[in-house]
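**Q** Given the structure of chain C, go ahead and fit chain S onto it with the hints provided.
Residue numbers (this note's numbering), protein chains in the order written: chain C, 1 to 408; chain S, 409 to 542.
A few of these clues could be false.
To be verified - Calculated cross-link-like contacts (lysine to any residue; reagent style SDA-like; alpha-carbon spacing at most 20 Å): (1) S:LYS503 <-> S:ALA429; (2) S:LYS503 <-> C:LEU370; (3) S:LYS503 <-> S:PRO466; (4) S:LYS503 <-> S:GLY424; (5) C:LYS2 <-> C:TRP162; (6) S:LYS503 <-> C:SER212; (7) S:LYS503 <-> C:ASP366; (8) S:LYS503 <-> C:GLY371; (9) S:LYS503 <-> S:ARG444; (10) C:LYS2 <-> C:GLU209; (11) S:LYS503 <-> C:ASP368; (12) S:LYS503 <-> C:LYS2; (13) S:LYS503 <-> S:ASP451; (14) C:LYS2 <-> C:LEU276; (15) S:LYS503 <-> C:ALA217.
As the list claims (entries may be wrong) - Computed list of chain C residues with no C-beta within reach of chain S, every gap over 12 Å: (16) GLY10; (17) LEU81; (18) PRO160; (19) ALA330; (20) MET340; (21) ILE344; (22) ILE402; (23) GLY405.
Note that these hints are calculated values from the structure, not bench results.
These numbers were taken from a predicted model, which means no experiment stands behind them.
Just so it is clear, CB atoms sit at the ideal spot from N, CA and C, and this is done for glycine as well.
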Amino acid sequence: MKRLFAVALGVLTAIGGFLDIGDLVTNAVVGSRFGWSLAWVVVVGVVGICLFAQMAGRVAAVSGRATFELVRERMGPRLGLANLAASFLINLLTLTAEVGGIALALQLASSVHYLLWVPVAALAVWQVIWRVGFDVMENVTGLVGLLLVGFAVAFFLLGPDWTQLTDQLLQRAPHGESPATYWFYAVALFGAALTPYEVFFFSSGAVEEGWSSEDLAQSRLNVLVGFPLGGLLSLAIAGCAALTLMPLGVEVTTLSQVVLPVAEAGGRVLLIAIILGVVAATFGAALETTLSTGYTLAQFFGWSWGKFRAPAEAARFHITMIVCLLVGVAVLATGVDPVMVTEISVVFSAVALPLTYLPILIVANDPDYLGDQVNPRLLNIAGQVYFVLILVASVAAIPLMIVTGVGR
Amino acid sequence: MTSHDALSHPPVHIVGQLVDARLSLLDRQVVDVDGRPVGVLDDLELTDVASPLEPGTPPPEVTSLVHGPIVLERIFGGRRPDAHLLRIGWDAVAKLGPAIELAAPASELPTSWVESWLRDRVIVRIPGGRHVPR
Numbered sequence: 001m002k003r004l005f006a007v008a009l010g011v012l013t014a015i016g017g018f019l020d021i022g023d024l025v026t027n028a029v030v031g032s033r034f035g036w037s038l039a040w041v042v043v044v045g046v047v048g049i050c051l052f053a054q055m056a057g058r059v060a061a062v063s064g065r066a067t068f069e070l071v072r073e074r075m076g077p078r079l080g081l082a083n084l085a086a087s088f089l090i091n092l093l094t095l096t097a098e099v100g101g102i103a104l105a106l107q108l109a110s111s112v113h114y115l116l117w118v119p120v121a122a123l124a125v126w127q128v129i130w131r132v133g134f135d136v137m138e139n140v141t142g143l144v145g146l147l148l149v150g151f152a153v154a155f156f157l158l159g160p161d162w163t164q165l166t167d168q169l170l171q172r173a174p175h176g177e178s179p180a181t182y183w184f185y186a187v188a189l190f191g192a193a194l195t196p197y198e199v200f201f202f203s204s205g206a207v208e209e210g211w212s213s214e215d216l217a218q219s220r221l222n223v224l225v226g227f228p229l230g231g232l233l234s235l236a237i238a239g240c241a242a243l244t245l246m247p248l249g250v251e252v253t254t255l256s257q258v259v260l261p262v263a264e265a266g267g268r269v270l271l272i273a274i275i276l277g278v279v280a281a282t283f284g285a286a287l288e289t290t291l292s293t294g295y296t297l298a299q300f301f302g303w304s305w306g307k308f309r310a311p312a313e314a315a316r317f318h319i320t321m322i323v324c325l326l327v328g329v330a331v332l333a334t335g336v337d338p339v340m341v342t343e344i345s346v347v348f349s350a351v352a353l354p355l356t357y358l359p360i361l362i363v364a365n366d367p368d369y370l371g372d373q374v375n376p377r378l379l380n381i382a383g384q385v386y387f388v389l390i391l392v393a394s395v396a397a398i399p400l401m402i403v404t405g406v407g408r
Numbered sequence: 409m410t411s412h413d414a415l416s417h418p419p420v421h422i423v424g425q426l427v428d429a430r431l432s433l434l435d436r437q438v439v440d441v442d443g444r445p446v447g448v449l450d451d452l453e454l455t456d457v458a459s460p461l462e463p464g465t466p467p468p469e470v471t472s473l474v475h476g477p478i479v480l481e482r483i484f485g486g487r488r489p490d491a492h493l494l495r496i497g498w499d500a501v502a503k504l505g506p507a508i509e510l511a512a513p514a515s516e517l518p519t520s521w522v523e524s525w526l527r528d529r530v531i532v533r534i535p536g537g538r539h540v541p542r
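Extracted from the complex, chain C is given alone in its bound form (with noise of 0.2 Å):
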């Protein structure tokens, strides 16, 4: 029975945990402009992010090391301190994206302006990391943000029309969009799924809680079925917008249009549902975002770290996130539009991802460190086909950009 428990709590946080202000954002955008036609990259985007979130799960429990300490052993301190520096930025663009979307959902609640929120969000995203443990941290975050389920209560609630969507899947429809806008935003969904952070902080998460060869089968199922699960509400944020924004021509520019489409289908319980709903996910993204400041750099130079230990015990990784938290805040404090930054912060993850996917595909095959655990040949042959793919979205993120002015 506790077995049982702890397999479905695992699952759930999984699904709850999978979306962050990314995906809502992306997904909603994409959905108001295309439709379904571009639902194929959140296929392709899940089962990445359960390749590369296996391979760093099961390199963290069978050799304790996480991602940056595997960064610095095989590209050195030179080279890995250019990927260091471009994934620690990237993450802490992802950390004020998410903060600031924390901040938003809780001005669509409050109707109190979103900047009087960000400081609070800060204060509240560091005491939780400053005093919780890291399994309440999860399981709440991760069962609370469950309730985004409401979108695929939305979407049926919409009567989806079959049809039109199946058309879209099938690129049968035409979007009145440029292949160049097509393809930016085919890129930015695959970013917004395929965020780095998620990996850094799965694999460190691992070590933190303790994770041996015998809890793989767990970690496996969790990846396996709450990340897919996870991805059905990205295609169901989608969905909603494409039934009732895309008609209209509205074009997904905050995150009141999110959910807009939640409360013509559902009323007010239901967008009550969903906006809780994006606190918990954008808090918990919040939450991840910023241990991972802490654990990228603390496991490249060798710092004491982890939320299993107290503060006194790794001081200049708690120094670290605060820091990197009040630089988040002072970001925001500009008046910058939360939103725009995580548009760019989705495509900028697209860019840094190939630097830290290829160090754990290596290790991953790597019997030193796996033993008779590397990867098995056809998870190896597709692990080489992502990195591919992924090295492809990486070289093309930036010149897409550029091209369609983000995507406008």
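**A** Chain S in isolation, oriented as in the chain C frame:
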């Protein structure tokens, strides 16, 4: 090129395992007896070798692991004063693997000045700084 004979070494009898220091030691995590990160290995110190080298001189031995802020010199060049380096005696090493495991607890090893300063001056002054998050 000199002839091959002039460069050949007297046969060395290896007992135990051969470890490529560059591949398997450099840039690996160093953890204490409880698995707590201590640092990342930046360099090894060897015993002095006589110069000029006489035939039959015994090979140098590893005396200590070096870590700490010198990673910046490894990347950007320059040389840090000797006193700034953090050293751990080779005899403290318990096991080599995905990490270099030590037999001693971190409290008995030299600690980074920045870490202890931040701990004593900042972290423990914030309420809850000494408590493990639960």
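**Q** State for each hint whether it applies.
**A** Now the hints, each set against the structure:
1. Taking the CA atoms of LYS503 of chain S and ALA429 of chain S, the gap is about 14 Å. The hint holds against a cut of 20 Å.
2. Of the pairs offered as hints, the one joining LYS503 of chain S and LEU370 of chain C holds, with about 17 Å between alpha carbons and a cut-off of 20 Å not exceeded.
3. Under the criterion of a C-alpha separation no larger than 20 Å, the hint pairing LYS503 of chain S with PRO466 of chain S is inconsistent with the structure, at around 25 Å.
4. Note on LYS503 of chain S and GLY424 of chain S: the hinted pairing holds, with a Cα-Cα distance of about 13 Å set against a maximum of 20 Å.
5. Simply put, LYS2 of chain C and TRP162 of chain C have alpha-carbon atoms about 41 Å apart, too far for the 20 Å limit, and the pair is violated.
6. Taking the CA atoms of LYS503 of chain S and SER212 of chain C, the gap is near 19 Å; set against the 20 Å cutoff, the hint holds.
7. Among the hinted pairs, LYS503 of chain S with ASP366 of chain C is consistent with the structure: their alpha-carbon atoms are about 19 Å apart, no more than 20 Å.
8. For the given pair, LYS503 of chain S sits about 17 Å from GLY371 of chain C by alpha-carbon distance, which is consistent with the 20 Å threshold.
9. With a CA separation close to 14 Å, the supplied pair LYS503 of chain S and ARG444 of chain S stays within the 20 Å bound.
10. At roughly 17 Å between alpha-carbon atoms, LYS2 of chain C and GLU209 of chain C fall within 20 Å of each other, so this suggested pair holds.
11. For the hint linking LYS503 of chain S to ASP368 of chain C, the alpha-carbon distance of about 14 Å falls within 20 Å, and the restraint holds.
12. Restraint check for LYS503 of chain S and LYS2 of chain C: not satisfied, since their Cα atoms lie roughly 36 Å apart, outside the 20 Å limit.
13. Of the pairs offered as hints, the one joining LYS503 of chain S and ASP451 of chain S holds, with about 17 Å between alpha carbons and a cut-off of 20 Å not exceeded.
14. Between LYS2 of chain C and LEU276 of chain C the CA atoms are separated by roughly 28 Å; this puts the pair beyond 20 Å, and the hint is violated.
15. With a CA separation close to 28 Å, the supplied pair LYS503 of chain S and ALA217 of chain C exceeds the 20 Å bound.
16. The Cβ of GLY10 of chain C lies farther than 12 Å from every Cβ of chain S, with a closest approach of about 20 Å, so its non-interface assignment holds.
17. A beta-carbon of chain S is positioned within 12 Å of the beta-carbon of LEU81 of chain C; the least distance is around 6 Å.
18. Remark: the non-interface label on PRO160 of chain C is consistent with the geometry, its nearest Cβ contact in chain S lying 44 Å away (cut-off 12 Å).
19. Even its closest Cβ contact with chain S, about 19 Å, leaves ALA330 of chain C beyond 12 Å, as expected for a residue assigned away from the interface.
20. Non-interface call for MET340 of chain C relative to chain S: holds, since the shortest CB-CB distance, roughly 34 Å, exceeds 12 Å.
21. Distance check for ILE344 of chain C against chain S: the nearest CB is about 29 Å away, which clears 12 Å, and the non-interface claim stands.
22. No Cβ of chain S comes within 12 Å of the Cβ of ILE402 of chain C; the nearest lies about 31 Å off, and the non-interface call holds.
23. The claim that GLY405 of chain C lies off the interface holds: its Cβ sits roughly 37 Å from the closest Cβ of chain S, which is beyond the 12 Å cut-off.
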